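Asker: Place chain F on chain R using the hints.
Single-letter residue listing:
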Amino acid sequence: MPKEFPKYKNRIFTACVFAVVLSLLFFPSVFAGIKDLTVRTLTAPFTVYKKLERHFRSRDRLIESNKALRKRVADLSLKIARLDDICRENVRLRALLQFKEKFDFKTISAEVIAREPDDWRGAFIIDRGLRDGMKTRAAVCSAKGLLGKVVEAGIDTSLVILLTHPNFKAGGVIKGSRINGVITGAGKGMAKMLYIPMSADVETGAVVTTSGLSRIFPKGILVGEIVSVEKSRTGLYKYAMIRPFADLFDEEEVLCVVDI
Amino acid sequence: MKNTLMLYVLLLVSLSVQICPAGYSVWAPDVVLLLVVFTATLRGLAAGLRIGLVAGFLRGVFSACMFPLDIVLYPAVGMVSALMSGMLYGQSPVVQIFITGIAVFLSNAAHVLYLNALSGNDIAVSFVLVGNWRGIVVTMISAPFVFLFLKKLSACQAASGPYR
Chain R
38 MPKEFPKYKN RIFTACVFAV VLSLLFFPSV FAGIKDLTVR TLTAPFTVYK KLERHFRSRD
98 RLIESNKALR KRVADLSLKI ARLDDICREN VRLRALLQFK EKFDFKTISA EVIAREPDDW
158 RGAFIIDRGL RDGMKTRAAV CSAKGLLGKV VEAGIDTSLV ILLTHPNFKA GGVIKGSRIN
218 GVITGAGKGM AKMLYIPMSA DVETGAVVTT SGLSRIFPKG ILVGEIVSVE KSRTGLYKYA
278 MIRPFADLFD EEEVLCVVDI
Chain F
347 MKNTLMLYVL LLVSLSVQIC PAGYSVWAPD VVLLLVVFTA TLRGLAAGLR IGLVAGFLRG
407 VFSACMFPLD IVLYPAVGMV SALMSGMLYG QSPVVQIFIT GIAVFLSNAA HVLYLNALSG
467 NDIAVSFVLV GNWRGIVVTM ISAPFVFLFL KKLSACQAAS GPYR
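Protein sequences, first through last, are from chains R and F. With my numbering applied, the first sequence corresponds to residues 38 to 297, in that order. With my numbering applied, the second sequence corresponds to residues 347 to 510, in that order.
Chain R on its own, in the form it takes in the complex:
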């Protein structure tokens, strides 16, 4: 390679780079395909490693895990049977009161394949996209509670922001007192519930669930517990800091609600 690199080639290179960057910013449809390809390429080694690891797991661990899972399935089957009865009773009571309710919603299961490099906000990528029926703004949950929502649905992958992400917003309600508010992310593994009336009596340890008012999140999904309550800067409302129930960085399998 010659020592002297002609300056005009540097300028052409810089101009090309700027053109590519601007086109990616102003023409996102071009970006969607490139982004999907980049994600799948960079996560391919981990997908292969995961498959190999599962394949070579020891027999004894599998047998033990199988035993424990069978017991759990039996326990859960009993619980489901009991809850089915309660659900049917609930339907009858609501029919009596003439409430209109939907109980079935469409879900898609997905696996987490990559996470956001910076951990203080909270976002991850799942292996389901538009091709699998995913929709933007679909709620994402785990067995322990609400995790977040889909902000970008690609062809084969989707980007999910956690409920601790500052861009996350959802309607929430405090169990028991039925005080409504807006849940938003506060970064560093915490969320907060805004617009709690000043006169409201909110206790630490109270459980927060989704209110269902936003029509994105089904009603009654566990969000977290309140750890502190403070007055806003304006003094017009209170806000409560929430510690989420879901394990934000340990979940590998999640459930996405695409239709409520």
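To be clear, the hints were calculated from the coordinates, so they are not data collected in a lab. Computed from a predicted model, the values in this text were never measured in an experiment. Beta carbons: idealized from backbone N, C-alpha and C, even for Gly. Heads up, some of the hints might be wrong.
Stretch-level coverage of chain R by chain F, calculated; a stretch enters the list once three of its residues show a Cβ under 8 Å from a Cβ in chain F [stated by the list, open to error]:
| # | stretch |
| --- | --- |
| 1 | 77-88 |
| 2 | 163-175 |
| 3 | 198-205 |
| 4 | 223-231 |
| 5 | 255-262 |
Derived lysine to aspartate or glutamate pairs resembling EDC-like cross-links, with alpha carbons at most 20 Å apart [to be verified]:
| # | chain 1 | residue 1 | chain 2 | residue 2 |
| --- | --- | --- | --- | --- |
| 6 | R | Lys104 | F | Asp468 |
| 7 | R | Lys116 | F | Asp468 |
| 8 | R | Lys225 | F | Asp468 |
Sample of chain R residues with no beta-carbon within 10 Å of chain F, all distances over it, derived [what the hints assert, rightly or not]:
| # | residue |
| --- | --- |
| 9 | Val58 |
| 10 | Lys72 |
| 11 | Arg96 |
| 12 | Leu113 |
| 13 | Lys116 |
| 14 | Cys124 |
| 15 | Ser146 |
| 16 | Lys212 |
| 17 | Gly213 |
| 18 | Val239 |
| 19 | Glu240 |
| 20 | Arg252 |
| 21 | Arg270 |
Answerer: Showing chain F alone in chain R's frame:
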């Protein structure tokens, strides 16, 4: 040419480790940022801008709503690092720690301010810096060691054959 290729390969590897869902640790240094700062301080402005652009693109792809910021921020971090290295003695470990600290602060502050503007929240930069203190301290302290390792790697590459 070989050294440049090696840096980009290291960039891909370090980003792959950072985005891996398992193995998350609050004590892990920001290796991608360290690579950008290293290239800028020891190779100059143009090299720093180039690797910053690639690093910003890749990080933006894996971030929520951050792509426009990352693709501008990382080249800017490379530029600031190159300029500061030119003004100070870039070979000194203390200067390397200082420049890395500036880069980490800029990165965190820019992300917080951008998100606040986007979402209407008022998360304080200090809240994020205090919350991330482990990662920030480890990144700054590991800077001289990472730079030394990369320099030795470049020297091995140079000794093994024709180089740029």
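Asker: Of the numbered hints stated earlier in the document, which are not met by this structure?
Answerer: 2, 5, 6, 7, 9, 10 and 21
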